[in-house]
Amino acid sequence: MSEFEPKIIAFVCNWCTYAGADLTGTSRIKYAQNVKIIRFPCTGRIDFMLLLKSFSEGADGIIVSGCHPNDCHYTSGNFHARRRWIMFRGLLDLLGIDVRRIQYSWVSAAEGSKWADVVNSTVATIRELGPYTDYAKVAGYLEKEAKL
Amino acid sequence: MKIGFYPGCSLTGSSREYNESLLAISKEAGVELCEITDWNCCGATAAHNLSKDLSLTLPARNLALAELDQMDELVVPCAACYNRLVMTQHELGENESLKKIVSEKLQMPLQNGIKILNVLQFLEKHIVPRLEQLVKNPLDFDVACYYGCLLVRPQRVMKADRFEDPMTMDVIMQKLGANPIDWPFKTECCGAGFSVSKPEIVGELSGKIVRNAVDRGARAIVVACPMCHSNLDMRRPAIETYLNMKVDIPVIYITQAIALAMGLTPRQAGIQRHFVPVNLPVNR
Amino acid sequence: MMDLIKRATELLESDAVKVVIGYGKGSSTDRTRAIFVTQVADCENLVFNSQCIHNLAVYLTKAEIKKLGKPAIVAPVPVLRSILQLAAENQLTENDLVILGVTPESQLIEFESFAGIETFLDTHRIKIDQKYQETIEKIRSMPVAERFAWWVKELEPCFKCYACRSACPLCYCTRCTVENNQPQWISVASHPLGNLEWHVMRAMHLAGRCTDCEACYNACPMGIPIHLLTKSMLQDVNENFGTYGPTLKKDNTLSSFKPDDKESFIR
Amino acid sequence: MSKIGVFICHCGENISATVDVARVAEAAGKLEGVAFSTDYKYMCSDPGQTIIKQMVKEKGLTGVVVAACSPRMHEPTFRKACSEAGLNPYMCEMANLREHCSWVHDKSEATTQKAIDLVRTLVEKVKLDKPLFPIKVPVTKTALVIGGGIAGIQSSLDIANAGHQVILVEKDPSIGGHMSQLSETFPTLDCSQCILTPRMVEVAQHPNITLMTYAELEKLEGSIGNFKATIRKKAKSIDEKLCTGCGVCATKCPTKKIPSEFNTGLGMRTAIYVPFPQAVPNKPVIDKENCSYYQKGKCKVCEKVCPTGAIRFDQEDELVELEVGAVVIATGFNVMQPSGFPEYGYGKYKDVITGLQFERLASASGPTLGEIRRPSDGKIPEKIVFIACAGSRDPAKGIPYCSKICCMYTAKHAMLYQHKVHSGKSYIFYMDIRAAGKNYEEFVRRAIVEDEVNYIRGRVSKIYEQNGKLIVKGVDTLLNAKNVEIEADMVVLASAAVANEGSEELAQKLHISYDAYKFFSEAHPKLKPVETNTAGIFLAGACQAPKDIPETVSQASGAAAKVAILFSQNELSRDPVIAVVNRSAPPLYSTCVGCFMCATACPYQAIEEELITNRKGEVIKKVARVNPGLCQGCGTCVAFCRSKSIDIQGYTNEQMYAEVMALLNNE
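Residue numbers (this note's numbering), protein chains in the order written: chain A, 1 to 148; chain B, 1 to 284; chain C, 1 to 267; chain D, 1 to 667.
In isolation and in its complexed conformation, chain A is listed as follows:
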């Protein structure tokens, strides 16, 4: 079996991080294939249930990224998101859902190289942590169900 390739899903806002990731591309900065982006209008739009669902669907890691504070295209979406993640993170941590598997970041439209860093360092972290078998085991009941 070859090296473990983590499955990482990225939830990013359209105005800063998505554009930042575009800049990573136009600057031809290379990063790992493991991360795949889903585009949201704003970090404020990102529902915590989507993060939870990602784990049950087999994600080993998650990136959530948007505009720096004060730079939100919608002025305050990222502030709301920040509060949501503070609370959500505390809850997950209490429940023993490994918070190290979720990387939050602010990546502006000008930070193409930062995006590459965020991706690569997250991939590295998740490689170190290995596949998220704990959660997969729990989610495993889904397949059982399907088989019945």
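Do not take every clue at face value.
Derived CB-CB ranges, DEER-like [said to hold, decoys possible]: (1) Q39/C with V619/D: 28 to 34 Å; (2) S27/A with E104/B: 31 to 37 Å; (3) Y517/D with K27/B: 50 to 56 Å; (4) N238/C with Q337/D: 41 to 47 Å; (5) S121/A with L50/B: 28 to 34 Å.
Below, a list of computed lysine-lysine pairs in the DSS-like style, where the Cα atoms sit at most 25 Å apart [what the hints assert, rightly or not]: (6) K30/A with K107/D; (7) K616/D with K66/C; (8) K348/D with K175/B; (9) K250/C with K509/D; (10) K99/B with K114/A; (11) K262/C with K509/D; (12) K256/D with K208/B; (13) K298/D with K256/D; (14) K526/D with K30/A.
Just some of the chain C residues that point at chain D, by a computed CB distance under 7 Å [what the hints assert, rightly or not]: (15) E89; (16) C173; (17) N180; (18) Q182; (19) H205; (20) N252; (21) S256.
For the record, the hints were derived by calculation from the structure and aren't laboratory data. Every residue gets a Cβ at the ideal spot worked out from N, C-alpha and C, and that includes glycine.
Fit chains B, C and D to the given chain A structure using the hints.
Relative to the frame of chain A, chains B, C and D by itself:
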């Protein structure tokens, strides 16, 4: 009050008077300095030209030892040592993996959180607050405070205020009753790098500094760095050759100035160890 | 509790309210239950004692009870907190109900306005029991995998009866996320994943709203310590945003923010 | 049953070089609901778009996924193509195979697999897309121009001459900006005032321009075509209608020793003042901080002497609300106060001054009436040193960028000095001479050759005073790096051009982004240099980056043109990507329970209360409703709604959910 203390080689050799005066005034002020057990070379000047690892590991060991001794503050009077220790703390602070490597090399844990004080920061924090009671013989004359480079550069790390025109020493000297002159050579290069290899360059660079201090009527040059001191004091012949005139302005460590102001004997202040004789109007 | 009965009687007689939501004798001597007094004659059934832990506020938003007409509600501190939160969430207005507050010293104290409740509650702040804080600390100190296993096991008995939801005064949605199957946010079956998702969702939806009445826990037939989740959230709110307990201000923790909210985990 | 068409673009070789496009197309073809899939060299080219249109018609496609570059690049292109083929444009989505895949990964199986995943994800999204229709909004054909420097003046005049209304807001008592402070201008050495003042007057007299001086933007709400701006008109303490600008008040005002901003502190002004003789409007304001009446409660001399009784001490700041369709920001720049240069002794030595101060010394209308006299003792300096790059291109001073104008104006300064002080000697320390521009290099040559200015390539390490002279210690890097010391009488620092103070706050008021140095960011460095990333807000002049006058003027006209284009339509169509609160059959009407937490979360106050009544008109339910005119589509409310009653078109819960499922399930 107990504070960690890293003397480094100079204070045990060429600039013992610095050490003596520092310990003397600390004692007066009731501040106890405890030397790091088994400290080693800070790697100044040589190491960082040879190997980056070495230049970080040497100071790092001292930091680690200080942590073992449970010090949360560390005074490093020698400006060169101070510079190396702070640079190391900074670089390791910036780079987790580098820190890991180094602490593995040391086979010691390294929090890297200790507060490193240079002599001026130390004086400001622990001596100055007590000065008022302790100053017996105000120094009533003009002095030129000379900072040199190591205490203020590189700015991004040292975060010295007004690194082109620092004031901390001037403020302390004022508190001793002296009148620090406003002069432009506070941070000009004394040529320390060439102290051994090309003394004539020291002659020129230090010469300009000394000359300007004299021209502006200073009775003494006050320093806080062994390198500065040896160049302005020990290299006086080279200076005089360059200026081609006799200059007898003494060069004293700020700690010595304080000692004198506190009314300690010149011997306690280590005055007698200088090349350029120190005779200042300190009434006692 | 004579004056409670007296006041209830007045209210019903004067037709100021149609129903008095209060506590009555339970199935055994050590229990009480909610009763809905509509007849003056039944007022004497009203009791109040230390066993009255049931959060009656939950009935204020239930359609069946609303049908009965304007209520008076017997409201010890936890109920008052819920009422205030419901008010902040536009679910109650002051002339919707008569509030027969009961102080911890079992004194009857009637509230004319929500603002009155707010000032009263300022002197009766939510405080999380030392013992709970310790439990939460203990859980947090476990290694992450162990913690996870612990919770999976704790939640294992849950069979999704939703008693926690029906008992919670703040779970008044007409359609709960769990009933939303487009998309199916929460796997409905009561297997570990479904249970986990359900309780995470519930806790998040109560973040900054929960008033720590423990109704959910008391209602749970399997005694699952789900209140630990909401309690720990309350602590988080307090530590991170300093807001604690219900207020009339429309500054619910998750629908408001401060530009300088502090966090340590966003790169 | 959806029929999706998938079109994979090679983008020349940009994608196909690292992604096996044929395989992606093949894989896409196998996806459920995909009716057609192909790959082509340039999807965005005309033939490329034709393929899409044909297939939409032939196969009766219900949705289209174009897997090519970033949607931020070509989404409009392909959506247009689809609508031309009769498919609702919002049924077309893009998978970003270039910026997010081929350009950031090497050729490999994993890269192709990722491409397939991205396509599959977007296919699932498109399946759930619903036809959307643009929201029509009317355009208010009035422009707000912020800043009355040359940039603002130019923009205002151009927009006004295009026949539209302009409101020009200037924070100072007069328009004119930095250009009005300059003496002569490079490379022609014609007098700045002479070319500027006519424009200022034109602004004042233009029927389409409303001028608001001594005023600042307080708040900006709304969006392109329909902004609502709140302007704070600071109290001038005079009745402008009555004031004739006779100036008696200023001559009689007893408080005379206030450093004049216009003369960069080299001259003095009174408390009631007109900043400079050619000011527009030429009517005074009272500077409350320095007026002895406002400070000590007595004086009122101006009131006594005013022939028309125009003084109004009780006047207060006034807030005016304006409806505008577009905004041009022309707030200009500032020169770095070189207090960050203890080594140059600025502030310590009177005769170390900034370039802008030198402009005032050289200006005929300046404190010395154009004679170069040093501030300390009014002597005419025989030796003068200019230091280019004082701060600029110096990361240690936090300014790594080039201020662009200094090379030219320093050359100009030296020239002016030589013209005025024939016996004088001038030296310029420089790093490089950057004289790119029409007739610029020639200009610098003239300074060197004709006016014998001494250019020294090297930097200055220290300046200090010694017996009345300024000793400038520097290095000449050309003559085998000799140290040089010049005993100068005066030193002029070409201090860096920096963003104006408060530009950060302004950017946040306007919701536009700014760079690391607080200069406002253009939407695209090459192709959208005057747009910001907020539609309807444009940039003119040095607020975007340091610029000289010709460049500023051309950008200002560019911004004006953009505004004119916007105003050429009566109606704008806005993206229908907005939130909606669901509605359902009675008795439920909506799953919304009316907790209105969405309302507290909404940044645009777009959430309103809707009362649902029965036939008898009794209110049975209060639910939330989104005002489509105000909603900008951030979706913050959606993530809040516990009962999932709000959703956002184009990014619905179902869609985002489907995307997650599709992205993660690639077996």
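(message) Hints numbered earlier in the text: which of these fail when held up against the supplied structure?
(response) 12
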